[in-house]
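Novice: For reference, the chains in residue letters:
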Amino acid sequence: MSHLLREFAPITEVAWGLIDEEARERLTPALAARKLVDFGGPHGWEYSATNLGRAQGLPDPPAAGLTAAQRRVLPVVELRAPFSLSRDELRDADRGAADVDLDALDDAALCMATAENRAVFHGWEAAGITGIAQASTHEPIQLGDDCERYPRHVARAVEALLSVGVAGPYGLALGPEPYTRVLETTEHGGYPLLEHLRKIVAGPLVWAPGVQGAVVVSLRGGDFLLEVGEDLSIGYDAHDDRTIQLYLVQSFTFRVATSEAALALTP
Amino acid sequence: MGFDQYHEPASELPDRTRTAARLCASLTEEAEAIGWYEQRLAVESDREARAIMRDAQGEEFKHFCMALEFLLRRDPLWREIAEGILFQEGDIVEHGEEAEEEAVEEAATRGAPVAGSTSLGIGSLRDGAA
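Chains X and F, in that order, are what the protein sequence lines are.
Sequential numbering of the first sequence, starting at 1, is according to the numbering used here.
Sequential numbering of the second sequence, starting at 1001, is according to the numbering used here.
It cannot be assumed that every hint is accurate.
[Unchecked claim] Computed Cβ-Cβ distance ranges for the label pairs, DEER-style:
#, chain 1, residue 1, chain 2, residue 2, range
1, F, A1108, X, D94, 30 to 38 Å
2, F, C1024, X, R54, 26 to 34 Å
3, F, G1058, X, E195, 24 to 32 Å
4, F, R1022, X, Y191, 23 to 31 Å
5, F, R1079, X, L5, 28 to 36 Å
[Claimed, not checked] Partner residues aside, some chain X positions facing chain F, computed with beta carbon under 10 Å:
#, residue
6, L18
7, D20
8, R34
9, F39
10, E89
Just so you know, the hints here were simulated from the structure itself, not pulled from any lab data.
Note that this is a predicted model, so its numbers are computed, not measured.
Even for Gly, the Cβ is constructed at its ideal location relative to N, Cα and C.
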């Protein structure tokens, strides 16, 4: 039995299948970071830290004439998004209902994906994570509200990366507001702005809830690493006669290896 | 009644793993039956008896293939390795080595779940990783 304790939940195999599938469907479009950065793992729930390959000198070793150093690691963080489902709804799922209410799961999935994106792109100080936008050594470019200028801003970002030897293709993570603006906009001649931006970066343009503005990142690999212990899973907490308390969980950490391989476009 | 297909306490195994274990046991039994019929056919001279045995062996071929297909559908890594070996012309061992190497490498790139994990199996979503 795993730490998720799924076997203790009063949930049938059919209903578990529905819950897991719904979670995948809701998480996949929103997990922007996983579409742009390198992925390590999953290493399992027991995995606790990533090796940084560095050591820090320690003063006052226990005996004279020695030097001492302590290895530096980046501990994984556990992120948990609790949610509650109605037992009546899950019984209806067993009967074959096609419109089972899983809204609480949908909310938890979006919350989890947003948190992952935010940690990767903007950092999480308490967890020791420096985000891509934070780490970038390039001067940020202001994106603004004028969509017609987006191609110019993104092209400048690509040029800045090229000028320091960071090769493409590149990807563009767009926060929800600029993403919607891009989708709504066609340029003179009716050409979709989305396609124009894709051509400039020569890579994907992704919807990134949790991202402020946008971030252009190199996809050449080796620059950004999302290291996952337990990959996104659903576990069981408790139940009563009306509801079942479940949670989405994952453990991960993130580090930037090449700080000049991305450029932030501020809102 | 014995439950020899389990090597770990059945109560600790998830439903999916128990189903896979049952089908693995079926696969073994079907392969054994195919072998038994092969031996009987080799020594039987009565034409009518041989026809019955050959017909029965055909049933076992079918059962074996259905069980195998079920298992391959449930395990993407197994399926990928099988695709590199089955119905290919040429050196079987060579195909096996290549298929295993490519499939394992690709699984690692896309962040395939740890064996026995009940995670959602999302892993990496980069193009070319899935």
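Novice: For every hint, state whether the structure bears it out.
Specialist: The hints, checked one at a time:
no., hint, in the structure
1, F:A1108 x X:D94: 30 to 38 Å, "holds, 37 Å"
2, F:C1024 x X:R54: 26 to 34 Å, "violated, 46 Å"
3, F:G1058 x X:E195: 24 to 32 Å, "violated, 55 Å"
4, F:R1022 x X:Y191: 23 to 31 Å, "violated, 57 Å"
5, F:R1079 x X:L5: 28 to 36 Å, "holds, 30 Å"
6, L18, "violated, 13 Å"
7, D20, "holds, 6 Å"
8, R34, "holds, 4 Å"
9, F39, "holds, 4 Å"
10, E89, "violated, 20 Å"
Going down the numbered hints, you'll see the structure goes against 2, 3, 4, 6, 10, while the others check out.
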